[in-house]
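Enquirer: Sequence:
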Amino acid sequence: MTSHDVIEPIDAGARGRRWPLLRWFASSATLSVPQAAGPVAFSLLALGLTGDPSQGAAIMVAMTLAQVLGAIPITRVGKNLPTTRFLRLLIGIRTVALVVVALLAAYGASMAWLIAFAAIAGSVNGAAFGYLRSLLNALTPISQLPRALGISATLGEVTFVLAPVLASGLGVISPVFAILVVAVLGAFPALLVPDVGASHLPDAPQASGSVLSPAIALWLACAAAGGATVAAVEIGSVALALSFGYQPALAIIFTVPLCLASVAGGVWVSFRNRSSSRRAVVIQLAVMAGGAALAACEISVTTTVAGAVLIGGVLAPLSTHYSLVLDSLAPPHHRAEVFALLRTANAVGVILAGISLTALSLTTALATVTGLMLAATLAVAVARWSGGSAKGG
Numbered sequence: 001m002t003s004h005d006v007i008e009p010i011d012a013g014a015r016g017r018r019w020p021l022l023r024w025f026a027s028s029a030t031l032s033v034p035q036a037a038g039p040v041a042f043s044l045l046a047l048g049l050t051g052d053p054s055q056g057a058a059i060m061v062a063m064t065l066a067q068v069l070g071a072i073p074i075t076r077v078g079k080n081l082p083t084t085r086f087l088r089l090l091i092g093i094r095t096v097a098l099v100v101v102a103l104l105a106a107y108g109a110s111m112a113w114l115i116a117f118a119a120i121a122g123s124v125n126g127a128a129f130g131y132l133r134s135l136l137n138a139l140t141p142i143s144q145l146p147r148a149l150g151i152s153a154t155l156g157e158v159t160f161v162l163a164p165v166l167a168s169g170l171g172v173i174s175p176v177f178a179i180l181v182v183a184v185l186g187a188f189p190a191l192l193v194p195d196v197g198a199s200h201l202p203d204a205p206q207a208s209g210s211v212l213s214p215a216i217a218l219w220l221a222c223a224a225a226g227g228a229t230v231a232a233v234e235i236g237s238v239a240l241a242l243s244f245g246y247q248p249a250l251a252i253i254f255t256v257p258l259c260l261a262s263v264a265g266g267v268w269v270s271f272r273n274r275s276s277s278r279r280a281v282v283i284q285l286a287v288m289a290g291g292a293a294l295a296a297c298e299i300s301v302t303t304t305v306a307g308a309v310l311i312g313g314v315l316a317p318l319s320t321h322y323s324l325v326l327d328s329l330a331p332p333h334h335r336a337e338v339f340a341l342l343r344t345a346n347a348v349g350v351i352l353a354g355i356s357l358t359a360l361s362l363t364t365a366l367a368t369v370t371g372l373m374l375a376a377t378l379a380v381a382v383a384r385w386s387g388g389s390a391k392g393g
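For the record, in the sequence shown the residue sitting at position 244 is 244 according to the UniProt record's numbering, with numbers rising by one throughout.
Be aware that a few hints might be false.
What the hints assert, rightly or not - Calculated lysine to any residue pairs in the SDA-like style (CA-CA distance at most 25 Å, straight line): (1) K79 <-> F188; (2) K79 <-> P332; (3) K79 <-> L324; (4) K79 <-> P194; (5) K79 <-> F244; (6) K79 <-> A190; (7) K79 <-> L69.
If you're looking for bench data, these hints aren't it; they were derived computationally from the structure.
All chains should be modelled from the sequences, with the hints used to inform the complete structure.
Expert: Quick look at the structure:
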């Protein structure tokens, strides 16, 4: 796809669109397998190699930082290539890099080599997500986008629930084998992603320069704040369990309710099939901030779990809204870049949460992400009440 091309919906009936759309859903769900399974798989791999599972975190940090740095440059590299072909190339690069990580580990290579190839694997994640999301516009009419995104969000949460379990089970047998399986599952989108056509728009501007506008930046900031909030609870779940006097394994009493609430939110979005109003979005952001505040207070296990449920319950509606509003704000020839930025914003949030939990106490870190969510909520509320962008405020 060149900078003059945009993807148009496939001209087919509902039955003709169904199979390509199902393939897209499967691609979307499996694209995130390496990221979902990575923390567990790499920790077990590091444990076997060095005796220190915390070294696995270094591999995940390398993957995440590489994703942030590579999202826009790599997305722009593909501007002059067919969208589906370039997406398959990106997934192929990631798969090869992960296989190399497994082989290096099997032969006892140093952690530096594993981190380097993990970074190569992670560098294409943002761009791959951007191109995959841009394909959805060709597979479903605009009126069905909320439902499709809701289904995608639900499947994504299922992936993030099941992939670590799979990695844990396989990793106990063989960490190297676990990485290989993760690589294979993460390669499925290259086989499943449907081909789409493109039309030529002679008058479209060149896809260069910054894609950020104030409205786009606002929603990316919200995505980053939300990503930090979710990550703070998930990463800090072990510390939360310990703070209440439980064994580390019982960290799932905080993460599982969050994931289940998120799945329920995705089902609700799919059933409703309608974009949230601006007022509803402000309320949803406030609910997430309230959930973060409940977790930060650490009053009791019940209130902390309630906070996790509040966070998870609005996660899918908010992520769907971000995707829809950015779809409307981004120029057609910049959509892949903007969607790559959306995934990158979430990754930045995860990094911020990780840094906060590392440098600060658990309570202070949770209070910090609560502050970020409150700031995002106020920014959207002010933009709405001041009549900001018609689409972005």
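Enquirer: Which of the numbered hints are not met once you compare them with the structure shown?
Expert: Result: hint 5 breaks, nothing else.
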